[in-house]
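Asks: The primary structure of each chain is shown beneath.
Protein chains: 2
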Amino acid sequence: MTLSKNRIKYIHALEMKKTRKADRVFLAEGPKLVGDLLGHVPCLFLAATAGWLAQHPHPQAEEVTEVDETELARASLQKAPQQVLAIFRQPEEMYKMEEIRRSLSLALDDIQDPGNLGTIIRLADWFGIEHIFCSPGTVDVYNPKTVQATMGAIARVKLHYTPLPELIRSLGSEMPVYGTFLNGEDMYARPLTRNGLIVMGNEGNGIGREVEQLVNRRLYIPNYPTDRPTSESLNVAVATAVVCAEFRRQAAGG
Amino acid sequence: MTLSKNRIKYIHALEMKKTRKADRVFLAEGPKLVGDLLGHVPCLFLAATAGWLAQHPHPQAEEVTEVDETELARASLQKAPQQVLAIFRQPEEMYKMEEIRRSLSLALDDIQDPGNLGTIIRLADWFGIEHIFCSPGTVDVYNPKTVQATMGAIARVKLHYTPLPELIRSLGSEMPVYGTFLNGEDMYARPLTRNGLIVMGNEGNGIGREVEQLVNRRLYIPNYPTDRPTSESLNVAVATAVVCAEFRRQAAGG
Numbered sequence: 023m024t025l026s027k028n029r030i031k032y033i034h035a036l037e038m039k040k041t042r043k044a045d046r047v048f049l050a051e052g053p054k055l056v057g058d059l060l061g062h063v064p065c066l067f068l069a070a071t072a073g074w075l076a077q078h079p080h081p082q083a084e085e086v087t088e089v090d091e092t093e094l095a096r097a098s099l100q101k102a103p104q105q106v107l108a109i110f111r112q113p114e115e116m117y118k119m120e121e122i123r124r125s126l127s128l129a130l131d132d133i134q135d136p137g138n139l140g141t142i143i144r145l146a147d148w149f150g151i152e153h154i155f156c157s158p159g160t161v162d163v164y165n166p167k168t169v170q171a172t173m174g175a176i177a178r179v180k181l182h183y184t185p186l187p188e189l190i191r192s193l194g195s196e197m198p199v200y201g202t203f204l205n206g207e208d209m210y211a212r213p214l215t216r217n218g219l220i221v222m223g224n225e226g227n228g229i230g231r232e233v234e235q236l237v238n239r240r241l242y243i244p245n246y247p248t249d250r251p252t253s254e255s256l257n258v259a260v261a262t263a264v265v266c267a268e269f270r271r272q273a274a275g276g
Numbered sequence: 023m024t025l026s027k028n029r030i031k032y033i034h035a036l037e038m039k040k041t042r043k044a045d046r047v048f049l050a051e052g053p054k055l056v057g058d059l060l061g062h063v064p065c066l067f068l069a070a071t072a073g074w075l076a077q078h079p080h081p082q083a084e085e086v087t088e089v090d091e092t093e094l095a096r097a098s099l100q101k102a103p104q105q106v107l108a109i110f111r112q113p114e115e116m117y118k119m120e121e122i123r124r125s126l127s128l129a130l131d132d133i134q135d136p137g138n139l140g141t142i143i144r145l146a147d148w149f150g151i152e153h154i155f156c157s158p159g160t161v162d163v164y165n166p167k168t169v170q171a172t173m174g175a176i177a178r179v180k181l182h183y184t185p186l187p188e189l190i191r192s193l194g195s196e197m198p199v200y201g202t203f204l205n206g207e208d209m210y211a212r213p214l215t216r217n218g219l220i221v222m223g224n225e226g227n228g229i230g231r232e233v234e235q236l237v238n239r240r241l242y243i244p245n246y247p248t249d250r251p252t253s254e255s256l257n258v259a260v261a262t263a264v265v266c267a268e269f270r271r272q273a274a275g276g
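Just so you know, the protein sequences line up as chains A and B, in that order.
So the first sequence is numbered by this note's numbering: it starts at 23 and just counts up by one.
So the second sequence is numbered by this note's numbering: it starts at 23 and just counts up by one.
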């Protein structure tokens, strides 16, 4: 049982969105990530070392191949391949408008960096945020760099690619829609709601104009000292984390 | 005035720590980063397009070359080169123990990812943290990926590579030394001090054993819902941001 040249070629082709989209699949590598996904997402193919296979049940995988370290390295997209890689079916995620209206969710307006998206999915999982809405221009969640950066959270957080203005309008005018802006209101000045949609913008350009007009609560993450004016900014994953942490601190009564 | 082959070769060699260390220099690219550095750090060489040179004073640069886009692209380490690149002298940063005892500072125990380090420097700047202490095993701050990820904050935040146990012992037993742990105390349960050293650990292994024993306040960033047990974790830059934001919220009386 070895990996054919064609199989390795196919695995490498999964670095391209075109291939992933055509076959509705994605690649994941490493014991933590593959382990988290196996229970949640259909697995089409799995290649692992004898050691990994002996220690981890994997009845969910439709096809399994034992490989040695050398073969795994040849197939892997990672600098340091780790024991196992697998191809999964892209899940079709559902949501109910009524549930979104009651919950705290994220909306990402053209996030470009795969690592940032992965880090945001990971922190959403930590802060119990189940749904992330992505503008069609946001980087593909199944980009291998994004998948790896989620550290397994991609098995639990649900992503939906959809035009954000239409989504926000469908949620109705009572839905709190938050965004962060350099000229927003100090995030700690007034209580935050328990439900809401938190919009985070593109790394270079922030939130797009059409979406910005639909934001009904403009927040600012205070810098320090607070009387020191700044034109600087925070990395988008970092800003998302600080905002989500504060929503959850208030919701938990902290 | 064009870039010689040798010059381009040298610029590419600055991707390697060996070259940077031998010459005590580093490379920075793009108008924001180079602009921020020019006022703060000695500039040995600068290559820029005619457009950039015409619009930006640069009397600090010891040597200046005008280049066209094609030449810039040949020299650049970036996928999308932007108008200007420059070689700077590595600054020698100083600190006074007495100042550190009174301030809030960060200590990084073997952070490995250049992007994470850059993002941490950027958020330290946002939250007014002036000094970051790095264990000798932490990735080099002058790695081009780190430099670029700081978005200019490297011009303001001071980094010191030093063994952390010795540093912590020198600060004295009254110095609050914080670290985050899955079994730490809810970060919101008790007030945080205004001064302190916040230790953040390696991406895979967390804080090393020797440093952990010197941490005198173990914190936990609550996940949500708070009664949902988790073995997951946050990206180290994200965790650093959430902790720093809370220190500064309390200090500002938020």
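The set of hints was computed from the structure by calculation and includes no laboratory data.
Note that this is a predicted model, so its numbers are computed, not measured.
Heads up, some of the hints might be wrong.
Each pair may be met inside one copy or between any two copies, as identical chains are not told apart.
Claimed, not checked - Think about it this way: if two alpha-carbon atoms lie no more than 27 Å apart in a straight line, the pair counts; the simulated BS3-like pairs of lysine-lysine are:
#1 Lys167 to Lys43
#2 Lys40 to Lys101
#3 Lys180 to Lys39
#4 Lys118 to Lys54
#5 Lys54 to Lys43
#6 Lys118 to Lys167
#7 Lys118 to Lys27
#8 Lys101 to Lys31
#9 Lys27 to Lys101
#10 Lys31 to Lys180
Asks: If a hint holds in the structure, say so; if it doesn't, say that too.
Replies: Here's how the hints hold up against the structure:
no.	hint	verdict
1	Lys167 to Lys43	within (16 Å within a copy, 30 Å between copies)
2	Lys40 to Lys101	both (23 Å within a copy, 21 Å between copies)
3	Lys180 to Lys39	within (19 Å within a copy, 40 Å between copies)
4	Lys118 to Lys54	neither (30 Å within a copy, 43 Å between copies)
5	Lys54 to Lys43	within (24 Å within a copy, 36 Å between copies)
6	Lys118 to Lys167	neither (29 Å within a copy, 41 Å between copies)
7	Lys118 to Lys27	neither (44 Å within a copy, 60 Å between copies)
8	Lys101 to Lys31	both (17 Å within a copy, 25 Å between copies)
9	Lys27 to Lys101	within (20 Å within a copy, 30 Å between copies)
10	Lys31 to Lys180	neither (29 Å within a copy, 46 Å between copies)
Checked against the numbered hints above, the structure violates hints 4, 6, 7, 10; every other hint is satisfied.
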